[in-house]
Amino acid sequence: MSLDTASPTARRHGSNAGQPLTRRDGLLKVTGRATYAADNHPDGMLYAVTAISRIARGRVTALDVGAARAHAGVVEVLTPANRPPLAHDPDEKMPPFGFRVEVLQDDTVRYVGQPIALVVAETLEAATEAAALLDPQYEIADARTDRSNGDRFGLAAVGIGAPPRTVHGDLAAGLAAATHVTEAEYETPAQYHNAMEPHAVVAEWHGDRVTLDMPNQAMALSCAAYGAYFDIPAENVLIRSPFLGGGFGSKAILNGPQILAILAARMLKRPVKLVLTRTQMYGPVGHRGHTWQKLRIGTDAQGRLTALHHHALCATSSFDEFIEPAANASLPLYDSPAILVEHEGLRLDIGTPGPMRAPGEASGSAALEVAMDEAAVACGMDPLEFRLANYAETEPGTGRPFSSKALRECYLEGAKRFGWAGRPLEPRQMRDENGFLVGWGMGTAVFHCPHFPAEARATLRADGTALVETAGADMGQGAWTALAQIAAEALGLDPDQVEFHSGISTLPDGGIAGGSGHTASAGLALNNAGEDAIAKLAAIATADPASPLFGAGNIGVVARSGRLHRIDDEGRSESYVDILARAGQAEVIGTAKAARDPAIAEAHAMFSHGAVFAEVKVDPDLGQIRATRLVGAFAAGRVINPRLVRSQYFGGMIWGTSFALHEEAVTDRRTGRIMNADLAEYHVPVNADVPSLDAILIEEDDPYVNPLGIKGVGEIGITGTVGAIANAVWHATGVRVRRFPVRIEDLLIARA
Amino acid sequence: MSLSISLTINGQARTVVLDDPRVTLLDLLRERLDLPGTKKGCDRGQCGACTVLVDGRRINSCLSLAASLDGTEVTTIEGLAEGEALHPVQAAFIAHDGFQCGYCTPGQIMSAVGLIKEGHANGDPERIRELMSGNICRCGAYQGITEAILEAQKASTEANRRDAA
Ligand code: FES
Ligand code: FES
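So the sequences go chain by chain: S and Z. Numbering (full-length UniProt numbering) for the first sequence: 1 to 752. Numbering (full-length UniProt numbering) for the second sequence: 1 to 165.
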């Protein structure tokens, strides 16, 4: 295999971190031996299947429990009439990520797809058929499905605890000072995570202890939450989540069906497996909420912003709040003397939305980047030139310095690779050899850099190898590989000499695998644990008169290739094996808890940045749109593994393509039912939909974001891409579409 | 009722007593024969995660009833490697980072193996993308998947040429 060792990032960071290693879990994944939750099959296991509501609002008045029970193989049918009690009220939130859940607390129906019964049987076939026999009868109330009939409300917070409204400067004055105000409304649809692995759990109780095989992005928080629901201490909950078949935010939060399956396992004293069907994933496990966003951009004669106003109306459920923090995407990017971002809620009869890959930034940046394109057109400027003219050298409004910001390099490198120079300002100027309209567009990418507290342990063993442990989760980002590389570097070993354990909740808390923060968060803990182990080893060696390092305690030693070397005399060194052997120790254990320094965080604005350039081709007669080429240049601090980072960017850019051109849950206004709740009708990109992709990794040194200088790469690729493609569609056709996804009919209607 | 069928699974002859006529090949493999490498993403023939080879041809195992497969030969992801030696498609997926979470991967690999065996799309990435479009990868590892298949296909064509010579 070809290792891309010529990459500058690989050179810069030398030995371990920085190398484009292939995935350590690759062998397991290509042979079918990687174990996902539903692959488990403890002896005596039963199958649970939820029956779901087909109405959006009302009550279940009857269920034919008799028919379901009579089906061969059925063991139990849970309904609100016989559901055993839970120790936590499911209508109470459980901060920080615990949403209200539907666990058969009563006969109320709050959305289509809500669990209304749970059937448990000896086989999956029996449980599935019996669930269909329940034949629910309903009292139906009118569903609130849209802006026209939903209830608007004011908000205390958006996202996870972010302020709903932020003001910098005087918006009215900024607008008054403008020579031109660009004003428009943009709509983004409800989208569903659709991880390829459906939500699943295999629950097995032993007395008051429970083992849960389940995909989980936040193990420690989940142990506490399940403990609260089942009235057992958090440490009695064992979660095993070595691999997630994709998470994208949907596996960080508890959901009703999983709680019901765990409850059934306790009630029946047998292990229970529950796997949602694809259709059942459209409701109780979160989604990206529908938004309507109004933007006003004031510009002066030089094309500089005088005012930026972003208002987002965001749909949530009738009974809980997760508000897409969409408008906040307008805070960190463009320099403007006046910025106002604000959010408003809209209650609909839907399942509660939740965080989905780049929550806030994805939807908000989609609207902002198209609005910026419109403003550039209004100013008669090239979109890239316009963005450079409004480049924020410090955080807009606060004036805080960025911890690092190589966005200018992203713009320039991306434009160069794409061949942006010479792009005609006017739309409908370019055709390919087949007569298709060709358009080029761009967008800025941005994502914040969260850091979660995390813990880790590093054990140096007598044979010179190490075991490093943290309860993180791999959902495709490459945790097993990148985290092992970080640990190996701290330990002065090759990654091959480092065994990496994660994915089980008994290990030190690896924090949350989300917010693009896992590599930085768990990585810092592993780094610190490794350094702690090395410090302990050094203490042994430097205090031992028989060691060549004796007395070097004050001078210091450095760990490299399995040996400690004196800093001032590299020739004097000793191997870990010899140090431990003479000390008669089987191992030294380093531990660490790591978190971000709050003072540094307070003093800096911390973001990953990027620039995405897109080419689309549009059939002039049929309106058919194809994204043909995407170039993204991203600066996200230090790169641990360029191969995996590039894959993350590609994944994000494909999600951006999907947001721009494919994805949308379509709701029937009469019934509140999602009409395309499956993978045939809900369009996610397939291989043939994907344009040629190029991701450029821009170097960035960041001494502040965390001691390792790592930002995050999992989500930023979506942002920027959506706007770039929509703007390219405008450039190809002259038609400005402000509702996502951009559809063929939008172009045809505009032309007619 | 019970019904007995004979199958060859990954080279092993097996007689399976079906406890239920509704059992699909996918649920037979996963829930009854301890072969959970084949994945379920939709159970409706819409995602390709469950792709296996039956008599050498690619099929969605979620769409075939086990009872209808008496006498067939089934190959799953677990039966692809020869001992510790990976099938060239498996090795190419690792080398080209043709997966992230890995959940679609067994299906992608089985589709790719079938596609190469059927002699489709020699060296043409566009054809490969088209022919692999029954296998959804939500992580978006498509670029690596296409590169991996191109490489494995090239290797297998060369091997065939050598064999023929
Ligand atoms: S599980 Fe068979 S095609 Fe999706
Ligand atoms: S690797 Fe995750 S779905 Fe393909």
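Hint data in this document are derived by calculation from the structure and do not stem from the laboratory. Every value quoted in this text rests on a predicted model; they were computed, and no experiment measured them. All residues carry an ideal CB built from backbone N, CA and C; glycine is no exception. Possibly wrong hints are sitting among the right ones.
Claimed, not checked - If you want the ones that stay clear, here's a sample from chain Z, every Cβ over 12 Å from chain S, calculated:
1. 7
2. 12
3. 37
4. 44
5. 64
6. 72
7. 76
8. 108
9. 117
10. 125
11. 140
12. 143
13. 154
14. 158
15. 161
16. 162
Said to hold, decoys possible - Each pair of labels, with its calculated beta carbon distance range:
17. S:54 - Z:124: 41 to 49 Å
18. Z:124 - S:432: 13 to 21 Å
19. S:54 - Z:45: 46 to 54 Å
20. Z:83 - S:546: 20 to 28 Å
21. Z:21 - S:668: 30 to 38 Å
22. Z:55 - S:54: 47 to 55 Å
23. S:234 - Z:34: 49 to 57 Å
Unchecked claim - These stretches of chain S come out as covered by chain Z in the derived footprint (C-beta under 8 Å, 3 or more residues):
24. 19-27
25. 52-59
26. 673-685
27. 729-743
Failing hints, ascending? Hints 3, 4, 7, 8, 10, 11, 12, 19, 20, 22, 23, 25 and 27 not satisfied by this model.
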